[in-house]
Amino acid sequence: MSVQPLAPSDASLLELVDRLLNKGVVLIGEATISVAGVDLIYLGLNLVLSSVDALERSTGGSSGGGAPRT
Amino acid sequence: MRLIAHAITPAPRPRVAVSGLRGRPLEWLESAGLGIWSTRWDTAEPLAREDVLDHHRVVEGICAATPCLPVRFGTAFADAAAARATLDRRSDALRDALARVSGRCEIAVTLLWREPSGGSAPRPPVAEATGPGRRFLDERRTRWSASEARRRRAAELVERLVTTLAVEPALVWHEICSSERVAVSLAVLSPTDQAADRIASLRRVLAGLSDVTGVVNGPWPPYTFAGIDESGGVSAGSATRLPGWPPA
Amino acid sequence: MTEQDELAELRREVERLRGILPEHVDVDPDGVEQGLAKLVLALVEFLRQLLERQAVRRMEGGTLSDDEIERMGLALMRLEEKVHQIARSFGLDPAELNLGLGPLGKLL
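Chains A, B and C are the protein sequences, given in the same order.
The first sequence begins at 170 in the numbering used here and counts up one residue at a time.
The second sequence begins at 83 in the numbering used here and counts up one residue at a time.
The third sequence begins at 3 in the numbering used here and counts up one residue at a time.
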């Protein structure tokens, strides 16, 4: 694992991404499907393994926090 | 065709000032006194990583206009009928959850250890003629007593933050030591008109802490407090950790 | 069951865990199996760490001989090497195998 110090903006971004991918109301059992490009695998133990790794590689070290995009 | 869901809000349809993902039209579907906001999406089109943050922009825009339950990113309905059926089936739980978050927003606190873990833990003296197996177990013992000390400290920090916030426990969610680097991750559901004061007082507390560095975020849409459980009740967030991990 | 019997059984569990892992793994370079491998290895890692903690508690309990501690430590050390080696052969960083880490953990 990296031992570089984490900038506050990075911590903010990661905290936000955690919210976006892992929180919010979950509507399982509806006609919900995973959309191509984002794999959401819900296991019986309510473990969510998402393609966070791909997100990590692209956002690691980037600045900008959670500023809304226009 | 898919409908990528962003948030659930009460009917009737409020005026919302944001567009859907990638600037596409934001659509409203209604049933049982509730509505779902979504972006129409072609089945074959993949979502990109930028869409995750764009979803946040959309949810923020909706939350600015009306009580709002963020939907987990990536939730998609096959069609309008499927979306309406969900609203019908879960309307009671969704209404309860909306009442819970109405007029409130989320404030997030992240505390990171200043020192890398184990960096300052004193090494036990190595006895003469100690074999590699013994050294391995000694190293593990040192590592875990250090991590246990960290857990105790993180729990103290949570107590400190909760005391500062002076809110009922149901409005706070937290997780400690979710990684080597993160001491505390905490979310609080706060009345929107008190958010600025709460954020300021949390930042004052953080400024006084020497063993962690931290950041306060918000106001955010109530992601952590939007949950409804399988039976339709209301739950605060959904942990991704297995209960009981790490093993004691 | 005596202390020695329990310890012997613990050590057998450790060695059996190591034994169920293949010696050599042919990896699909497209990583199609990687997700499943990650889950399986995460479970093995979970068990392995559980056994490590049991062993340390035994050691701290003061009832083990130096020889028993040494052999237990070696068995656990070899098991860790094996699991991490297999993880790497799947292109996985062993640190990713911790099931208990939240998303922030994975991203750090």
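Careful, some of the hints might be misleading.
Cβ pair distances, simulated, as ranges [said to hold, decoys possible]:
no.: 1; chain 1: B; residue 1: D170; chain 2: C; residue 2: E17; range: 54 to 62 Å
no.: 2; chain 1: C; residue 1: A97; chain 2: B; residue 2: A231; range: 26 to 34 Å
no.: 3; chain 1: B; residue 1: T246; chain 2: C; residue 2: A10; range: 50 to 58 Å
no.: 4; chain 1: B; residue 1: M83; chain 2: C; residue 2: S91; range: 40 to 48 Å
no.: 5; chain 1: B; residue 1: T125; chain 2: C; residue 2: R90; range: 32 to 40 Å
no.: 6; chain 1: B; residue 1: D279; chain 2: C; residue 2: L38; range: 48 to 56 Å
no.: 7; chain 1: B; residue 1: D124; chain 2: C; residue 2: E35; range: 27 to 35 Å
Residues from chain C that face chain B, not an exhaustive set, calculated with beta carbons under 10 Å [said to hold, decoys possible]:
no.: 8; residue: V46
no.: 9; residue: E54
no.: 10; residue: R55
no.: 11; residue: E62
no.: 12; residue: I71
no.: 13; residue: G75
no.: 14; residue: E82
no.: 15; residue: K84
no.: 16; residue: G93
no.: 17; residue: L94
no.: 18; residue: D95
no.: 19; residue: A97
These are computed hints drawn from the structure, not numbers from a lab.
For each residue, glycine too, the CB sits at the ideal point set by N, CA and C.
Hint check results:
1. B/D170 to C/E17: 54 to 62 Å: holds, 56 Å
2. C/A97 to B/A231: 26 to 34 Å: With a Cβ separation near 21 Å, C/A97 and B/A231 fall outside 26 to 34 Å, so the hint is violated.
3. B/T246 to C/A10: 50 to 58 Å: The hint (50 to 58 Å, Cβ to Cβ) holds, given that B/T246 and C/A10 are roughly 52 Å apart.
4. B/M83 to C/S91: 40 to 48 Å: Given about 42 Å between the Cβ atoms, the range holds.
5. B/T125 to C/R90: 32 to 40 Å: Once the Cβ atoms are compared, 37 Å apart, the range 32 to 40 Å for C/R90 and B/T125 holds.
6. B/D279 to C/L38: 48 to 56 Å: holds, 49 Å
7. B/D124 to C/E35: 27 to 35 Å: Holds - the Cβ-Cβ distance for B/D124 and C/E35, about 30 Å, lies within 27 to 35 Å.
8. V46: violated, 14 Å
9. E54: holds, 6 Å
10. R55: holds, 6 Å
11. E62: Holds. Min distance 7 Å.
12. I71: holds, 5 Å
13. G75: holds, 3 Å
14. E82: holds, 8 Å
15. K84: violated, 14 Å
16. G93: violated, 20 Å
17. L94: Because about 17 Å separates C/L94 from the closest Cβ in chain B, which is outside the 10 Å limit, the hint is violated.
18. D95: violated, 13 Å
19. A97: Status holds, d = 8 Å.
Of the numbered hints listed earlier, those contradicted by the structure are 2, 8, 15, 16, 17 and 18.
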